[in-house]
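Colleague: Sequence:
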Amino acid sequence: MDVEPGRPGPDLRDAHRFAVEAAQAAGRLVRRGTRGELRARAKSASGDLVTDLDLAAERLIVGRIRARWPEHGVIAEEGGEYAANDSWAWLVDPLDGTNNVAIGLPTYVVGIALCDRGSPVLGVVHDPVAGRTWSAVRGQGAFVHVDGPAAQPLRTRHRPVPPAPVLAWTQGYEVRRDDSTARALKVVLDSTARRVLQLWAPLLSWVMLARGDIDGIVGYRPEAVDLPAGMLLAAEAGMVVRALDGGWFDDRYGRPADRRSFVAGPPETIDRLVKLVTAAQWIEPKVRHLTPISLTTVGW
35 MDVEPGRPGP
45 DLRDAHRFAV
55 EAAQAAGRLV
65 RRGTRGELRA
75 RAKSASGDLV
85 TDLDLAAERL
95 IVGRIRARWP
105 EHGVIAEEGG
115 EYAANDSWAW
125 LVDPLDGTNN
135 VAIGLPTYVV
145 GIALCDRGSP
155 VLGVVHDPVA
165 GRTWSAVRGQ
175 GAFVHVDGPA
185 AQPLRTRHRP
195 VPPAPVLAWT
205 QGYEVRRDDS
215 TARALKVVLD
225 STARRVLQLW
235 APLLSWVMLA
245 RGDIDGIVGY
255 RPEAVDLPAG
265 MLLAAEAGMV
275 VRALDGGWFD
285 DRYGRPADRR
295 SFVAGPPETI
305 DRLVKLVTAA
315 QWIEPKVRHL
325 TPISLTTVGW
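Anchor point for the sequence shown: position 218 equals 252 in the numbering used here, and the numbering is continuous, going up by one each time.
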């Protein structure tokens with residue numbers, strides 16, 4: 035990646051290796067921690083959780099970043115903004131899939147991204163359970179790492195255009211149950227897709243898209259901190275990301291939630307996916323008047 039004259043930036047080869055090693059170290063910490071007693075607590079009324087593992091993994095990653103690049107900004111899932119920088123900033127999701135860990139489901143990853151003026155230039159996703167890491171550098175491709183920092187190119191598995199796609203769905207924690215847009219999108223996807231995955235670990239969905247395991251992802255007002263790493267990984271693997279209306283997607287970090295909604299998939303089917311999600315606008319007026327079932331109504 036070129037850097038403007040007079041505007042120094044990190045050596046991306048060095049930063050790439052650093053981020054992979056930091057994510058893998060945090061993954062080992064999390065993996066060990068899941069074998070013991072887990073302390074979890076709610077961090078919002080929406081049911082989002084935080085555990086001691088989130089906090090410990092975040093301290094590990096953030097501590098390494100600040101020791102290596104003290105001039106860079108750092109924004110993390112649990113601690114917020116540790117340091118401000120309008121140019122270079124690291125985004126850290128120390129445990130994507132906390133709710134899965136809390137119920138004993140081994141589906142979680144560690145995510146790290148480096149952004150230049152808001153746009154991701156480096157992304158890393160590490161799966162402590164599988165012992166694999168996926169990464170991407172803008173303009174240089176996507177990679178897979180097995181048991182260490184050594185990388186080899188990620189080869190996306192070719193999937194023929196399916197009659198009904200396998201999709202992943204992700205939404206932000208603050209999306210309300212009565213959000214008519216989210217409900218309309220879910221109705222359309224559930225009615226037309228062969229399967230809709232809701233993994234509670236969006237970064238893992240991005241990995242599956244980059245590998246060619248699934249046909250697309252639809253995101254509605256997703257969380258900001260884990261979006262750049264996964265999006266860059268998919269893009270460098272040849273996938274396309276668009277806004278829900280099919281327009282250009284602004285990948286800069288810090289955009290408001292209503293500007294982060296997206297649809298992503300292979301270039302040969304992205305237009306079909308866009309048509310699928312835009313169909314939700316026709317049924318949204320109908321679902322807007324439906325009342326969600328209250329948990330108290332069913333005796334919960």
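In case anyone wonders, no lab produced these hints; they're calculated from the structure.
Just so we're clear, the structure is a prediction, and the values are computed from it rather than from any experiment.
Heads up, the beta-carbon is just placed ideally off N, CA and C, and yes, glycines get one too.
Hints may contain errors.
Stated by the list, open to error - Restraint ranges, calculated between C-beta atoms of paired labels, are given here: (1) Ala184 x Gly281: 34 to 42 Å; (2) Thr226 x Asp86: 23 to 31 Å; (3) Ser121 x Arg93: 23 to 31 Å; (4) Gly70 x His192: 40 to 48 Å; (5) Ala101 x Ala184: 48 to 56 Å; (6) Ser121 x Asp224: 36 to 44 Å; (7) Glu208 x Arg229: 21 to 29 Å; (8) Gln174 x Thr226: 31 to 39 Å; (9) Gly70 x Lys320: 31 to 39 Å; (10) Arg62 x Ile317: 40 to 48 Å; (11) Gly272 x Ala101: 16 to 24 Å; (12) Ala101 x Pro301: 37 to 45 Å.
As the list claims (entries may be wrong) - DSS-like cross-link-like pairs, simulated, lysine-lysine; straight-line CA separation at most 27 Å: (13) Lys320 x Lys309; (14) Lys309 x Lys220; (15) Lys77 x Lys309.
Colleague: All hints are to be evaluated individually against the structure, with a verdict given for each.
Modeller: Structure-based check of all given hints:
The supplied range of 34 to 42 Å is met by alanine 184 and glycine 281, whose beta-carbon atoms lie about 39 Å from each other. The given range of 23 to 31 Å is broken by threonine 226 and aspartate 86, whose C-beta atoms sit roughly 41 Å from each other. A hinted range of 23 to 31 Å for the beta carbons of serine 121 and arginine 93 is consistent with their spacing of about 24 Å. One distance hint, 40 to 48 Å for the beta-carbon pair glycine 70 and histidine 192, holds here, with the actual separation near 42 Å.
One distance hint, 48 to 56 Å for the beta-carbon pair alanine 101 and alanine 184, is violated here, with the actual separation near 24 Å. For serine 121 paired with aspartate 224, a C-beta distance near 42 Å keeps the hint of 36 to 44 Å intact. Against the hinted window of 21 to 29 Å, the Cβ-Cβ separation of glutamate 208 and arginine 229 comes to about 26 Å, which satisfies the hint. In this structure the hint that glutamine 174 and threonine 226 lie 31 to 39 Å apart at CB holds, the actual value being about 36 Å.
At roughly 49 Å, the beta carbons of glycine 70 and lysine 320 sit outside the given window of 31 to 39 Å. A C-beta distance of roughly 46 Å is found between arginine 62 and isoleucine 317, which places it inside the suggested range of 40 to 48 Å. The given range of 16 to 24 Å is broken by glycine 272 and alanine 101, whose C-beta atoms sit roughly 35 Å from each other. Judged by the Cβ atoms, the range 37 to 45 Å given for alanine 101 and proline 301 holds: they are separated by roughly 40 Å.
Simply put, lysine 320 and lysine 309 have alpha-carbon atoms about 19 Å apart, close enough for the 27 Å limit, and the pair holds. Only pairs whose Cα atoms come within 27 Å are accepted, and lysine 309 paired with lysine 220 is accepted, the gap being roughly 14 Å. Note on lysine 77 and lysine 309: the hinted pairing is violated, with a Cα-Cα distance of about 36 Å set against a maximum of 27 Å.
Violated hints, in rising order: 2, 5, 9, 11 and 15; the structure is consistent with all others.
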